[in-house]
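Chemist: Quick mapping for you: the protein sequence lines, in order, are chains A and B.
Residues in the first sequence are numbered consecutively from 1, following the UniProt record's numbering.
Residues in the second sequence are numbered consecutively from 1, following the UniProt record's numbering.
Source of the hints: derived by calculation from the structure; they are not laboratory data.
Everything hinted at is true.
In silico PhoX-like cross-links for lysine-lysine, where the CA-CA straight-line distance does not exceed 25 angstroms:
| id | chain 1 | residue 1 | chain 2 | residue 2 |
| --- | --- | --- | --- | --- |
| 1 | A | LYS410 | B | LYS345 |
| 2 | B | LYS349 | A | LYS345 |
| 3 | B | LYS345 | A | LYS409 |
| 4 | A | LYS9 | A | LYS97 |
| 5 | A | LYS193 | A | LYS456 |
| 6 | B | LYS146 | A | LYS241 |
| 7 | B | LYS241 | A | LYS146 |
| 8 | A | LYS390 | B | LYS390 |
| 9 | B | LYS410 | A | LYS338 |
| 10 | A | LYS146 | A | LYS158 |
| 11 | B | LYS158 | B | LYS190 |
| 12 | B | LYS241 | A | LYS390 |
| 13 | B | LYS104 | B | LYS158 |
| 14 | A | LYS240 | B | LYS390 |
| 15 | B | LYS519 | B | LYS240 |
| 16 | A | LYS519 | B | LYS9 |
| 17 | A | LYS345 | B | LYS355 |
| 18 | A | LYS519 | A | LYS241 |
All figures in this text were calculated on a predicted structure; none of them were measured in a lab.
Number of protein chains: 2
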Amino acid sequence: MRIHSSLQKRRLAYLPRLPEILRSLTRLVPLFEAENHENELPLPVVQLFSKTIDQQLLRFVEGENKTHRPLNVGVVFSGGQASGGHNVISGLFDALKLLNPESKVFGFLNGPAGIINNQSMEITAEILKNFRNLGGFDLIGSGRTKIESPDQFQAALKAVQGLHLDGLLIIGGDDSNTNAAFLAEYFLAKGCKTCVVGIPKTIDGDLKNESIEVSFGFDTACKTFSQTIGSILTDCLSAKKYYFFIKLMGRSASHITLECALQTHPNLTFIGEEIAAQQKTLKDIVRQITDMICLRAEKKKNYGVILIPEGLIEFIPEVKTLIQELNTLLASSLPHLKEIEARPKASDKIEYIIKKLSIPSQECFSLLTQDIQLQLLMGRDPHGNVQVAKIETERLLIALVSQALAQRKKTGTYVGNFSAQPLFYGYEGRSCLPSNFDSQYCYALGHVAALLVNAKLTGYMSCVTDLSLPVEQWGIGATPLIKMMGMEERNGELKPVIQKSLVNLQGKPFAIFSQERDKWILEDLYCDPGPIQFFGARDETDQIPLTLEYEYSRHTHLSFSHTS
Amino acid sequence: MRIHSSLQKRRLAYLPRLPEILRSLTRLVPLFEAENHENELPLPVVQLFSKTIDQQLLRFVEGENKTHRPLNVGVVFSGGQASGGHNVISGLFDALKLLNPESKVFGFLNGPAGIINNQSMEITAEILKNFRNLGGFDLIGSGRTKIESPDQFQAALKAVQGLHLDGLLIIGGDDSNTNAAFLAEYFLAKGCKTCVVGIPKTIDGDLKNESIEVSFGFDTACKTFSQTIGSILTDCLSAKKYYFFIKLMGRSASHITLECALQTHPNLTFIGEEIAAQQKTLKDIVRQITDMICLRAEKKKNYGVILIPEGLIEFIPEVKTLIQELNTLLASSLPHLKEIEARPKASDKIEYIIKKLSIPSQECFSLLTQDIQLQLLMGRDPHGNVQVAKIETERLLIALVSQALAQRKKTGTYVGNFSAQPLFYGYEGRSCLPSNFDSQYCYALGHVAALLVNAKLTGYMSCVTDLSLPVEQWGIGATPLIKMMGMEERNGELKPVIQKSLVNLQGKPFAIFSQERDKWILEDLYCDPGPIQFFGARDETDQIPLTLEYEYSRHTHLSFSHTS
Numbered sequence: 001m002r003i004h005s006s007l008q009k010r011r012l013a014y015l016p017r018l019p020e021i022l023r024s025l026t027r028l029v030p031l032f033e034a035e036n037h038e039n040e041l042p043l044p045v046v047q048l049f050s051k052t053i054d055q056q057l058l059r060f061v062e063g064e065n066k067t068h069r070p071l072n073v074g075v076v077f078s079g080g081q082a083s084g085g086h087n088v089i090s091g092l093f094d095a096l097k098l099l100n101p102e103s104k105v106f107g108f109l110n111g112p113a114g115i116i117n118n119q120s121m122e123i124t125a126e127i128l129k130n131f132r133n134l135g136g137f138d139l140i141g142s143g144r145t146k147i148e149s150p151d152q153f154q155a156a157l158k159a160v161q162g163l164h165l166d167g168l169l170i171i172g173g174d175d176s177n178t179n180a181a182f183l184a185e186y187f188l189a190k191g192c193k194t195c196v197v198g199i200p201k202t203i204d205g206d207l208k209n210e211s212i213e214v215s216f217g218f219d220t221a222c223k224t225f226s227q228t229i230g231s232i233l234t235d236c237l238s239a240k241k242y243y244f245f246i247k248l249m250g251r252s253a254s255h256i257t258l259e260c261a262l263q264t265h266p267n268l269t270f271i272g273e274e275i276a277a278q279q280k281t282l283k284d285i286v287r288q289i290t291d292m293i294c295l296r297a298e299k300k301k302n303y304g305v306i307l308i309p310e311g312l313i314e315f316i317p318e319v320k321t322l323i324q325e326l327n328t329l330l331a332s333s334l335p336h337l338k339e340i341e342a343r344p345k346a347s348d349k350i351e352y353i354i355k356k357l358s359i360p361s362q363e364c365f366s367l368l369t370q371d372i373q374l375q376l377l378m379g380r381d382p383h384g385n386v387q388v389a390k391i392e393t394e395r396l397l398i399a400l401v402s403q404a405l406a407q408r409k410k411t412g413t414y415v416g417n418f419s420a421q422p423l424f425y426g427y428e429g430r431s432c433l434p435s436n437f438d439s440q441y442c443y444a445l446g447h448v449a450a451l452l453v454n455a456k457l458t459g460y461m462s463c464v465t466d467l468s469l470p471v472e473q474w475g476i477g478a479t480p481l482i483k484m485m486g487m488e489e490r491n492g493e494l495k496p497v498i499q500k501s502l503v504n505l506q507g508k509p510f511a512i513f514s515q516e517r518d519k520w521i522l523e524d525l526y527c528d529p530g531p532i533q534f535f536g537a538r539d540e541t542d543q544i545p546l547t548l549e550y551e552y553s554r555h556t557h558l559s560f561s562h563t564s
Numbered sequence: 001m002r003i004h005s006s007l008q009k010r011r012l013a014y015l016p017r018l019p020e021i022l023r024s025l026t027r028l029v030p031l032f033e034a035e036n037h038e039n040e041l042p043l044p045v046v047q048l049f050s051k052t053i054d055q056q057l058l059r060f061v062e063g064e065n066k067t068h069r070p071l072n073v074g075v076v077f078s079g080g081q082a083s084g085g086h087n088v089i090s091g092l093f094d095a096l097k098l099l100n101p102e103s104k105v106f107g108f109l110n111g112p113a114g115i116i117n118n119q120s121m122e123i124t125a126e127i128l129k130n131f132r133n134l135g136g137f138d139l140i141g142s143g144r145t146k147i148e149s150p151d152q153f154q155a156a157l158k159a160v161q162g163l164h165l166d167g168l169l170i171i172g173g174d175d176s177n178t179n180a181a182f183l184a185e186y187f188l189a190k191g192c193k194t195c196v197v198g199i200p201k202t203i204d205g206d207l208k209n210e211s212i213e214v215s216f217g218f219d220t221a222c223k224t225f226s227q228t229i230g231s232i233l234t235d236c237l238s239a240k241k242y243y244f245f246i247k248l249m250g251r252s253a254s255h256i257t258l259e260c261a262l263q264t265h266p267n268l269t270f271i272g273e274e275i276a277a278q279q280k281t282l283k284d285i286v287r288q289i290t291d292m293i294c295l296r297a298e299k300k301k302n303y304g305v306i307l308i309p310e311g312l313i314e315f316i317p318e319v320k321t322l323i324q325e326l327n328t329l330l331a332s333s334l335p336h337l338k339e340i341e342a343r344p345k346a347s348d349k350i351e352y353i354i355k356k357l358s359i360p361s362q363e364c365f366s367l368l369t370q371d372i373q374l375q376l377l378m379g380r381d382p383h384g385n386v387q388v389a390k391i392e393t394e395r396l397l398i399a400l401v402s403q404a405l406a407q408r409k410k411t412g413t414y415v416g417n418f419s420a421q422p423l424f425y426g427y428e429g430r431s432c433l434p435s436n437f438d439s440q441y442c443y444a445l446g447h448v449a450a451l452l453v454n455a456k457l458t459g460y461m462s463c464v465t466d467l468s469l470p471v472e473q474w475g476i477g478a479t480p481l482i483k484m485m486g487m488e489e490r491n492g493e494l495k496p497v498i499q500k501s502l503v504n505l506q507g508k509p510f511a512i513f514s515q516e517r518d519k520w521i522l523e524d525l526y527c528d529p530g531p532i533q534f535f536g537a538r539d540e541t542d543q544i545p546l547t548l549e550y551e552y553s554r555h556t557h558l559s560f561s562h563t564s
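One chain only, chain A, in its complex shape (with noise of 0.2 angstroms):
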């Protein structure tokens, strides 16, 4: 049992505002517009999700006010905390508990382990009122199970059945919402009522497209980081002695660290997708880093901070290529891994494996420290992928850059000193007290899928937006799940998965901050953000993503605003 905190206690007590739309919330009717996206839609998508292929994206209108019956709704939580989770559940339980008060509202405990093994909590107003604007996934708890298996397809329906369940809540990323397309087409085919509902929750961002402005979390959690930065940034200032490399969280996207850049101005930012639209290589990097060093150096500025998105080293070329041949020899159908496993010496196990490399790849395997060696042989993830947030590329930069400056302080041509300090941030941006855009965005979402599940409309995701406006102008609909698939390798194989969103080079947001960043090399322009506030000055505690903002506050992309 939780202890609260008084802040908690405050928090709960928080009435997120609502789109203007969600006042009229038993009138809304679905109103779809009339579109073909069959034709743009990779082959085996069509074959593969014949039930749902012909789903239109719609938005929600006033119809006639009638009445309703009760749901039953089950939700899952499904991969990393986001913030604004639990304000899923409560938009979803007010809605539905407001179209009829005897609707149910299930949760699924840990993940979609809860949903095979059909372990479920009825959510009750009293248990939720104790998380309503808190941060975490705690209530049932997440897990990454991924129902894949037709044992665990047929396990899911009978959960679903078993509780008479009118919709199914999956909040998820990337993969999840995949998942739940998968689940929709399943349903559809076995005659199952339950309507599925993909929600869009990462941190990292990613999950975005011409329908969804942001997921859920990303405010917080960049809000969270840029706290951190904006303190550290504060702290070099002063002391005047370190450098901090600062590796942020977000798997292979950089959105986080664009946003995060864009509320703190640090000296120095690397996005990932431009390092691999610019073909950069590792010492390319180092160069990089090595000369804002020294020209700082000249002008006596022997401290500084550095961004470094987790995902950096993958967009690196030379080091994609190496991981995709480590990723090849290391699979468990081959006996390298083994092979590794039974060699206790580390200079053992990295002599086996060098060797098994193309020439290009022993030599960018060769530049890395026997640390991050040794990571690129540990464990994988449950794709089967080197576990890219292992890898500390924070000190190996160091070790790299401490290198090239040693080098060059030979050659006269640096004369600072270099001190620098390592560090990740990542866990502490996922369950934070949820931001109060979060915490409506969220709030909303929920109360848009309560609608879907009400409609009997299936296998789409809640959408609110026009989230640059005021809340009470954002627009509520839904788009199909299958609308955002492409295809992708996974263990080797071509599978329809929904499609990350990396950071687009040609977009406002990057435009302003590659605009601004050379005057950050020299100048210390640091901003501090401090720490997110709830009380007082809406234009305060109400803060967007600057990336949403500087992307979405001319022209909106999709509207569904009733005020457009």
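Since chain A is already given, all that's left is putting chain B on it; use the hints.
Modeler: Frame of chain A, contents of chain B only:
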């Protein structure tokens, strides 16, 4: 030039509340407490401080209104950042201007080196308005240079005389305030009018005694670390798959760790002072963690959070002995350091030194991972000691606990999964936006410093007491720096220094902690205090540290309050 965030702009406009008595600022006069502490002090202190030995504890009381002459006062930041430093300066500035608008404040740049090198700037109202209530020491920078040699003392004398300083504020920790005491004595001996006043600064909380209830910066740092720990606890409980080993800054003393444990309730917390008192070994500590993990695994809980104070490692008696032996062996006067540096291979370095150690220290050294062994052989701090902060205790414990769990798994006494994440928080808490408590405490400390200089009092530390009462009832006074002195070994010599305060195992905060902690092992009574709030209800924004509340709320220790 910094860019102010919207929250920083709002904080610039914040008006710290002041103790009621400071409203009569221009009428305040010192009232000395008659006491003789000469007999209680070590003889070298009495001998070294012949000019300042008779100073008495004092408090300020209302006297007659009179006019005051203009004063010139210098300030310097010494050592690590702590939130509130800028408010000491703004408190000093505002009080001086109130006493006489012709008064001036000068800031020495980048720490005590700025005094030695006579680098300073005048701090005007125009400059100061951009730093009020903001974190960091970036207005004038900080540094760790010590004023120690006769030349340095002479240079300092020249600097303060050059600026015609009536006072010099040294904002620092135990070492810097020791320095302040020597400077006060030296200035008096040289017939220099400059009064030296110390300000108790350190996030570590170890500058604390019967006159100093808490050092500034401790509150903001602990609240910031507790925000992060609280968020990690929620994350831990949501995903249920990691053990987080969190190391917290704070050098030797475990005040920060104790405060954060009281605020957040992690499953296991080590207090260095207790480890030392109970003569625990590294093996004992590893066993204690392993026992807890096994107990929790029986309840199917394969997750948890463990707090580790930065100084833990040196509190373990066997490690302490090892470190002392290493400190002696690696002294610059001996050839061993060079011998080690000359060996490129890590294993050769270790082999060389291990033979020089005592048998128990050889055993202890062999327990450590190679990384930690190398960290112990690396660079010293300015006092010539092993750099405890560089020892990655959190990673060492994870490695040792993993081994121990693997052993227990073999014997069937452990059936869980162990996945651990090392975390270290320190730099993140030093330069944050100061809490209201630190903002107000520092603003008052600055006022008191102005009063001390105005009363021509030197060798004192500014004191604000009764901090568990509402700000209006806080007491103000000062305590002679030499009263805090004891003898300690520095670089092999016994020297008078201001005593570091360790966690009092007989005190009320520790008693409450040790009463509660058993429950925290198995039950997850996690508490998430969330980010510091600056707006809204005062019982949220103006909370004081829990250790301070527990220690002082019932009886006031030494009180200068005009209401008591």
